[in-house]
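Since chain A is already given, all that's left is putting chain B on it; use the hints.
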Amino acid sequence: MIEPTIYELSSPGRLGVPYPKPDVPLAELPQDLIRQDLPLPELSEMNVIRHFMHLSHVNYSIDSGFYPLGSCTMKYNPKINEEMARLPGFAYTHPLQPIETVQGNLALMYELQEFLKEITGFDAVTLQPAAGAQGEFTGVMIIRAYHQSRGDTKRTKILVPDSAHGTNPATSAMSGYEVVHIPSDSRGNVDIEALRSACDDTIAGLMLTNPNTLGLFEEQVIEVNRIVHDAGGLVYGDGANLNALLGIARPADLGFDIMHLNLHKTFSTPHGGGGPGSGPVAVKAAFKEFLPGPIVDVLEEGDEELPPVFGFYQPTQSIGRVKAFHGHFGMMVRAYTYISIHGAEGLRKVSEYAVLNANYLLARMRGTYKVPYDRICKHEFVVEGVWDDAPGIHALDIAKRLMDYNFHPPSNYFPLIVREALMIEPTETETKQTLDRFADAMLKIAEEAHQQPDLLREAPHSTPVGRMDEVKAAKELVLCCWLPEQVKN
Amino acid sequence: MYTPHTDSEREEMLKVIGVPSIESLFEDVPAEYRFPTLNLPEPLSEMEVAAQLQELASINETTRDLICFLGAGAYNHYIPAAVDAILRRGEFYTAYTPYQPEVSQGTLQAIFEYQSLIANLTGMDASNASHYDGATATAEAAVLAYHHFRGKRTRFVVSPSVNPQYRAVLRTYLNGYENLEVIGDEDKNPFITAEELLPLVDSNTALVIVQYPDFFGRVQDLTDFAQQIHQSGALLAVVVNPLALALFKSPGEMGADIACGEGQPLGIPLSYGGPYLGIFATKKDYVRKMSGRLVGETTDKEGRRGYVLTLTAREQHIRREKATSNICTNQGLMALAATVYMSLLGKTGLRQVAELCYHKAHYTAQQINQIPGFEVDLKTPFFHEFVVKCPDSVEEINEYLLDNGILGGYDLGNDYPDLKNHMLLAVTEMNTREDIEILCEALKEYSHD
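Those protein sequence lines, which keep their order, are chains A and B.
By the numbering used here, the letter at position 373 of the first sequence is numbered 373, and the numbering carries on one by one without gaps.
By the numbering used here, the letter at position 108 of the second sequence is numbered 108, and the numbering carries on one by one without gaps.
Next comes chain A alone, as it looks inside the complex:
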């Protein structure tokens, strides 16, 4: 059954929530400024609840099943996180309150900054960026500000390996840089020779994802970073794949200068159907003053009797604000909760089991699916979703068929360097039983691809709707609906 829209459910005169009558004398309304018609739907509270409940039933989620989207780190989102973010003491504070009234918030933010510094090895952190892409933008603008502060204006290029996270090229361009792509070698590492020949005094830096989007640890990471540094460039680390490195290696130790983290991937804050995320940026000491401010700091040290007084610090050469207020505080509460529950030992276990799960799945699929860069992977791996002896079957068909087995498909067609890529990240929170069921389904689908290819081509068969006409969507471009009596457009 197709769920009607809230506009179709509307009935004139209905109201979901009553509000009190005015308890003050009414002021005159400026009639020439007043809106005459407000074409919004009218529903009862139960209409609304049932409508969104129905919609929730046609959504796949981590709470309902396995979600092995590569580079998205769809781990379980602990329920306690949600409780903590909703504590009235946090949820009902205004971002512009005097600092003496929000010492609890500031203490939490300060400690989260400290946690993230310790986990990554960097010296300073801003919590302001709203998401990974904004963290990247922040990082690249810091690279730019750093070179400019030294009067080094000839650096116009950013190097991006072809196994980097998908947003990197767009971020570089948005920050005013020309993008130079660096190929991978046969082991899936950055091609050292290509890197060397691209490095000169016109490069501002390198954006490196490690483990890369093949799920492989950059085996010559130290050398890669040294080459870039020797040319006077900086190394930006894309933190999308940090879930493989907690307690395993600290990116700052490996030679990275700047890095963003995704609280919504590594630190279990929910993805929310596409946001909100949170993308703190960590830097080495030399770049601290370029961070977007304000940053939480200790204004007065505490002693045995009094706690420290927290407040804000404004970096002196800041690239400027990237967002209003202090960032996604609600996400910070969740991440803080997650890190507190784990401690150092628990975080290392997160990465160890994320890597164990990925290698286990890889081992079970190897032989049936072609693995283009076949070595021990980290938290994810990439296989080809295509066989020469199953003509006409594509990665997309495999992805759609998985839905019939009640799994969310992996990321597909990324990274671009793998033919018909299927990028699989199981995360540490899945049991061996779930991984086995998934592997069994993948093997069964491979069999179907060869014996009953139409099963795949026409998949999914069991979802509320089938494959959608995306060409029609883009051509007709129906982006909103209206109240039935009101024919617009």
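You may find that some hints are simply not true.
Stated by the list, open to error - Pairs of lysine-lysine, DSSO-like flavour, derived with a Cα cap of 27 Å:
#, chain 1, residue 1, chain 2, residue 2
1, B, LYS283, A, LYS475
2, A, LYS475, B, LYS301
3, B, LYS152, A, LYS157
4, A, LYS444, B, LYS152
5, A, LYS154, B, LYS152
6, A, LYS472, B, LYS15
7, B, LYS389, B, LYS420
Stated by the list, open to error - Partner residues aside, some chain A positions facing chain B, computed with beta carbon under 8 Å:
#, residue
8, SER56
9, GLY104
10, GLN134
11, ASP152
12, SER175
13, TYR360
14, VAL371
15, TYR373
16, PRO460
If you are wondering where the hints come from, they were derived from the structure by calculation, not from laboratory data.
Note that beta-carbon positions come from the ideal geometry of N, C-alpha and C, so glycine has one too.
Just chain B now, with coordinates in the frame of chain A:
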């Protein structure tokens, strides 16, 4: 803990992989940096963490403990219980971006409805699936205008009465582009009307940005202004408070090209500044240049109605460095909150809340204006926020108010050097007449002391 493996399962898995231990999965990590000791607090049980965070939260004084008159871009509104009941559905909050439409119709239809509500409210043809917040949505308006003119128009005119933090973010975003100028807000007088910006608008101007109601709460009809902007070929972006649009003329009706702004007033908790919701809507001509996600209606192969992410060819993962923006998340769950909120209140309720804010704010302004030493401009129309000229520094007055259980207004001197001793006060449906009287009483006592 959230790693469910038993010892025997781990051993079986290692055997299948063909390695002796978990450590051996990390031999590609340089040995000297492998397995660092992290100096973090000892792990806590869920029960201990809950107690620790409750303790931290209880240190704060909240808008529930205090009587709140603070706004300046984030507002204290009532959120009906049904909003959070929906947000807590794991099917929504633990889902990813709806790239696979067959198993994401819930998220997709909710976003489609969000887009519809925002388009209707702003009087625009189309809304995107949201940006991070009001500040980045405003910056994205400039990015749209830049691309619309293919970089050939390099001037961006912004009113000083646009939220100062939004102007700061706008400048950060435009820093990556060569030779652009952002002007208009350096004027000594922050209270200039929109028309006073016109001399700056020339044939090289890509975009003019004004706020409605503006940062000082004032509402001005922009119809003629929009026409004049268009004569020079520039675009007009209006930064809106969506709640005000339930009462006042929409930007679309007045001829704006882009409506952007902060969606927090639509059912999103203050939460110390985020996550909030960046609203972005525009006219038909610019839809294809709008960054961020978009959901469109279509059908499946059986002809059943459904929804998909559309125009994805504009986005970063396809266009790479040629994309209009690097944005890849939206504020999905916050857009859902706004959708549920607007559905619950609907046409009547939203107008009712806007009117409550309007009347209470006007009553407060009139009362304060009668207190010796305090002055409010009652002649210029305003929504639910207004500037109070104070006899003393805002900091001192606010300290006094705080001692009396009141969270005072925003100190405009922070952003406008000429507005020392000027406070920006916000009044919403949450403020009862009694609250307002307590505030006025405290201000009276202050001026007597």
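Each hint tested on the structure:
1. Only pairs whose Cα atoms come within 27 Å are accepted, and B:LYS283 paired with A:LYS475 is accepted, the gap being roughly 17 Å.
2. For the proposed pair A:LYS475 and B:LYS301, the alpha carbon gap of about 16 Å is at most 27 Å, so the pair holds.
3. Among the hinted pairs, B:LYS152 with A:LYS157 is consistent with the structure: their alpha-carbon atoms are about 23 Å apart, no more than 27 Å.
4. For the given pair, A:LYS444 sits about 56 Å from B:LYS152 by alpha-carbon distance, which is inconsistent with the 27 Å threshold.
5. Of the pairs offered as hints, the one joining A:LYS154 and B:LYS152 holds, with about 24 Å between alpha carbons and a cut-off of 27 Å not exceeded.
6. Restraint check: the Cα-Cα separation between A:LYS472 and B:LYS15 comes to about 50 Å, which exceeds 27 Å; the hinted pair is violated.
7. Simply put, B:LYS389 and B:LYS420 have alpha-carbon atoms about 9 Å apart, close enough for the 27 Å limit, and the pair holds.
8. Residue-level restraint check for A:SER56 holds (minimum Cβ-Cβ distance to chain B is 4 Å; threshold 8 Å).
9. The restraint placing A:GLY104 at the interface with chain B holds, with a minimum CB-CB distance near 4 Å, inside the 8 Å limit.
10. Look at A:GLN134: its Cβ gets to within about 7 Å of chain B, closer than 8 Å, so that hint holds up.
11. Evaluation of the A:ASP152 hint against chain B yields a violated restraint, the C-beta minimum of about 17 Å exceeding 8 Å.
12. A hinted interface residue such as A:SER175 counts as satisfied when its beta carbon comes closer than 8 Å to some beta carbon of chain B; here the least separation is about 4 Å, so the hint holds.
13. For A:TYR360, the suggested interface contact is upheld, since its CB lies about 4 Å from the closest CB of chain B, less than 8 Å.
14. Nearest Cβ of chain B to the Cβ of A:VAL371: about 13 Å, over the 8 Å cut. The hint is violated.
15. Restraint check, A:TYR373 versus chain B: the minimum CB separation of about 12 Å is more than 8 Å; hint violated.
16. Hint on A:PRO460 holds. Least Cβ distance to chain B is approximately 5 Å, under the 8 Å limit.
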